[in-house]
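For reference, the chains in residue letters:
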Amino acid sequence: MAEESSHLGEEMRRMQHEELLPVERRLIACSLILGLALLLILGWVSTALRGAF
Amino acid sequence: MSIPTSGSSSPTAVLTAPARRQGLLASEDWWSVWLGLFIFLLSTGVLAGVDVLGWAAKSQVWLSLRSAVKPVSPRLASLPVVVSILGTYVFLLATTSVGAAFLRVSVRRFAAAFTVVFWISYACWVLGHYAYIAATPDKTRGLGIGWSLQLTGEAGFILALLAGLAIGNFLPRAAAWLSAATRPEWYIKTAIVIMGAGLGAKAAQATGIAAVVVFHGFCAIVAAYLIFWALVYYLARRFFGFSREWAAPLASGVSICGVSAAIATGAAIRARPVVPIMVSSLVVVFAVVELVLLPFFAQAFLYHEPMVAGAWMGLSVKTDGAAVASGAIVDSLVRAKAMAVQGVRYEEGWMLMAATTTKMFIDVFIGVWALVLAVIWCTKIDRVPGDRPGIATVWERFPKFVLGYVLTFLALLVVCVWRPDLRPAGELASDEGTSFRVLFFAMTFLTIGLVSNFRKLREEGIWRLAAVYVVSLFGFIVWIGLAISWVFFKGIRPPIAGG
Numbered sequence: 001m002a003e004e005s006s007h008l009g010e011e012m013r014r015m016q017h018e019e020l021l022p023v024e025r026r027l028i029a030c031s032l033i034l035g036l037a038l039l040l041i042l043g044w045v046s047t048a049l050r051g052a053f
Numbered sequence: 001m002s003i004p005t006s007g008s009s010s011p012t013a014v015l016t017a018p019a020r021r022q023g024l025l026a027s028e029d030w031w032s033v034w035l036g037l038f039i040f041l042l043s044t045g046v047l048a049g050v051d052v053l054g055w056a057a058k059s060q061v062w063l064s065l066r067s068a069v070k071p072v073s074p075r076l077a078s079l080p081v082v083v084s085i086l087g088t089y090v091f092l093l094a095t096t097s098v099g100a101a102f103l104r105v106s107v108r109r110f111a112a113a114f115t116v117v118f119w120i121s122y123a124c125w126v127l128g129h130y131a132y133i134a135a136t137p138d139k140t141r142g143l144g145i146g147w148s149l150q151l152t153g154e155a156g157f158i159l160a161l162l163a164g165l166a167i168g169n170f171l172p173r174a175a176a177w178l179s180a181a182t183r184p185e186w187y188i189k190t191a192i193v194i195m196g197a198g199l200g201a202k203a204a205q206a207t208g209i210a211a212v213v214v215f216h217g218f219c220a221i222v223a224a225y226l227i228f229w230a231l232v233y234y235l236a237r238r239f240f241g242f243s244r245e246w247a248a249p250l251a252s253g254v255s256i257c258g259v260s261a262a263i264a265t266g267a268a269i270r271a272r273p274v275v276p277i278m279v280s281s282l283v284v285v286f287a288v289v290e291l292v293l294l295p296f297f298a299q300a301f302l303y304h305e306p307m308v309a310g311a312w313m314g315l316s317v318k319t320d321g322a323a324v325a326s327g328a329i330v331d332s333l334v335r336a337k338a339m340a341v342q343g344v345r346y347e348e349g350w351m352l353m354a355a356t357t358t359k360m361f362i363d364v365f366i367g368v369w370a371l372v373l374a375v376i377w378c379t380k381i382d383r384v385p386g387d388r389p390g391i392a393t394v395w396e397r398f399p400k401f402v403l404g405y406v407l408t409f410l411a412l413l414v415v416c417v418w419r420p421d422l423r424p425a426g427e428l429a430s431d432e433g434t435s436f437r438v439l440f441f442a443m444t445f446l447t448i449g450l451v452s453n454f455r456k457l458r459e460e461g462i463w464r465l466a467a468v469y470v471v472s473l474f475g476f477i478v479w480i481g482l483a484i485s486w487v488f489f490k491g492i493r494p495p496i497a498g499g
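Going down the list, the sequences are from chains V and R.
For what it's worth, my numbering labels the leading residue of the first sequence as 1, then goes sequentially.
For what it's worth, my numbering labels the leading residue of the second sequence as 1, then goes sequentially.
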């Protein structure tokens, strides 16, 4: 483990660029869209229900 | 370390029954579940009127060393502190040594190294509670001191990290001797299993008195979680050139719940242990920076929206302790300013509750997100062409300690909701578990320091990680967190004191 750490700087310097895979793009897009959609829907629901609490 | 390098095992390997049984006792992941559940079960003795762990040592903010530690249970307040501390040590030594034996570590070597790890960690934890280091503004007056670094007792974690770094970097022989007990993942995973019970007890409290805060806290974190993670992951991958193995734990650590989330994500995608550990180190350092800065911004600009201020702390400040501490500071600062500027005297504790609630839901969400990532990595990213990974593969890869965490959370939540008369006992059970949890956390930070060669990292690596962290945290997480807190908590006011 200590050896692993000591090579970390070198690894970061030489880290090869990994292209974003389609599944990663989908994960990012779905997460963002779902997050924004939920923000809008739950924001509206919370405003609508606020009087009920 | 139990978690193999990414892609190092066949994703479609199907374990035989004996191998599966052996796996239940032969990995740190499973042993964190057994150890965490064992402590949890003993702590729940108070629900049946049997105080099994009441003798455990609990630290508190102190000015005189004599008042630094006391037994966690009020019923055992007369117990000598030395007995309480020694009992805590012997209990942890015995239980972890059993695990070490099953993990095929030399028990003699483990016990010797664990003893040193424990006592250094414990000393750091107690020292971190020194009033001039730990006392928050709401407590300094009560302690009769004029100033404090205001770092909360969690400063003990920073001290443990610094001690570990000093040993790891300047005393390499000592660090090598301690390697048998240098198991940060085991400690942190066990702590997370125990933490579930504490959150269950808190959640049960919240359901009765503030459904509105709970509901809005839940809404806020669902949205924030998904937005934060995607943005940080994209930033780390696209603009900072991090590999998937680094980007995923980094995204979880920055955007979700710091240490626990980085470890859970690292386990889910089978990153090497050093990856979440490095992220955790950054999380701890920046949580302290946030703790020192954000409450004062909140006081200056959000005193007219107190619940927004509280929720903002829960969404923005990483690590549980720092988030709750910032909630307590905001509660104190904002109430004081609202009184001075508006003449309004809000009831104490509601902003702290907003912070705690949002943080609590973030913590609960860790398990869900770890499962999602485990499934995606297993079935899509690390998939070997031609293989058809099934449920067995997902199960093999799933971080098992998350099960322990969910189990302890649900168990105490159900008991406290179903039997409200047992809530005080449930809270005591949670306190008793917490006495051990914080020590596992402290040992985690010490051993993180032991395995981190920061001299090398400082030369080439750590700044790149820190750059992603700073850009993400202060570039958008803090501000999106503020916006989301505003959407869900604007207009909600704490009750007026005496009103």
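Hints should not be assumed to be uniformly reliable.
As the list claims (entries may be wrong) - Computed from the model, here is a short list of chain R residues facing chain V with C-beta under 7 Å:
| # | residue |
| --- | --- |
| 1 | Cys-219 |
| 2 | Val-222 |
| 3 | Leu-226 |
| 4 | Trp-229 |
| 5 | Leu-235 |
| 6 | Gly-241 |
| 7 | Gln-342 |
| 8 | Arg-345 |
| 9 | Thr-379 |
| 10 | Arg-383 |
| 11 | Ala-466 |
| 12 | Ala-467 |
| 13 | Val-487 |
| 14 | Phe-488 |
Calculated directly from the structure, the hints in this document are not laboratory data.
Yeah, the Cβ is synthetic: ideal placement off N, Cα and C, and Gly gets one too.
Exercise for review: Using Cβ atoms only, decide whether Gln-342(R) comes closer than 7 Å to chain V, and label the hint accordingly.
Suggested key: Given a least distance of 22 Å, the restraint on Gln-342(R) is violated.
**Study point:** Residue hint Val-222(R), partner chain V, criterion CB-CB below 7 Å
**Key:** holds (5 Å)
Check your understanding: Can the hint on Gly-241(R) be confirmed by a CB-to-CB distance to chain V that is less than 7 Å?
Key -> holds (5 Å)
Review point. Hint check: is the beta carbon of Arg-383(R) less than 7 Å from a beta carbon of chain V?
Key: This hint is violated: Arg-383(R) lies away from chain V, its Cβ roughly 10 Å from the closest one there, beyond 7 Å.
Check your understanding: Does the nearest C-beta of chain V fall within a distance shorter than 7 Å of the C-beta of Ala-467(R)?
Key -> Status violated, d = 11 Å.
**Study point:** Hint validity - Phe-488(R) Cβ closer than 7 Å to any chain V Cβ
**Key:** Hint holds; Phe-488(R) Cβ to chain V Cβ min 5 Å, cut 7 Å.
Practice item. So, Leu-226(R) near chain V? Judge it on the closest CB pair being under 7 Å. Key: holds (3 Å)
**Study point:** Restraint outcome when Val-487(R) is required to lie within 7 Å of chain V by C-beta distance
**Key:** Result: holds, 5 Å to nearest chain V Cβ.
Check your understanding: Was the hint right that Arg-345(R) lines chain V, CB cutoff 7 Å?
Key -> With a minimum Cβ separation of about 23 Å from chain V (threshold 7 Å), the hint on Arg-345(R) is violated.
Review point. Given Leu-235(R) was flagged as interface, is its beta-carbon under 7 Å from a beta-carbon of chain V?
Key: violated (10 Å)
Practice item. Answer holds if the nearest beta-carbon of chain V is closer than 7 Å to that of Cys-219(R); otherwise answer violated. Key: For Cys-219(R), the interface hint holds, since the closest Cβ of chain V sits about 4 Å away, which is under 7 Å.
Check your understanding: Once the shortest beta carbon distance from Trp-229(R) to chain V is found, is it less than 7 Å?
Key -> holds (6 Å)
Hint check: violations occur at hints 5, 7, 8, 9, 10, 11 and 12; the rest are consistent with the structure.
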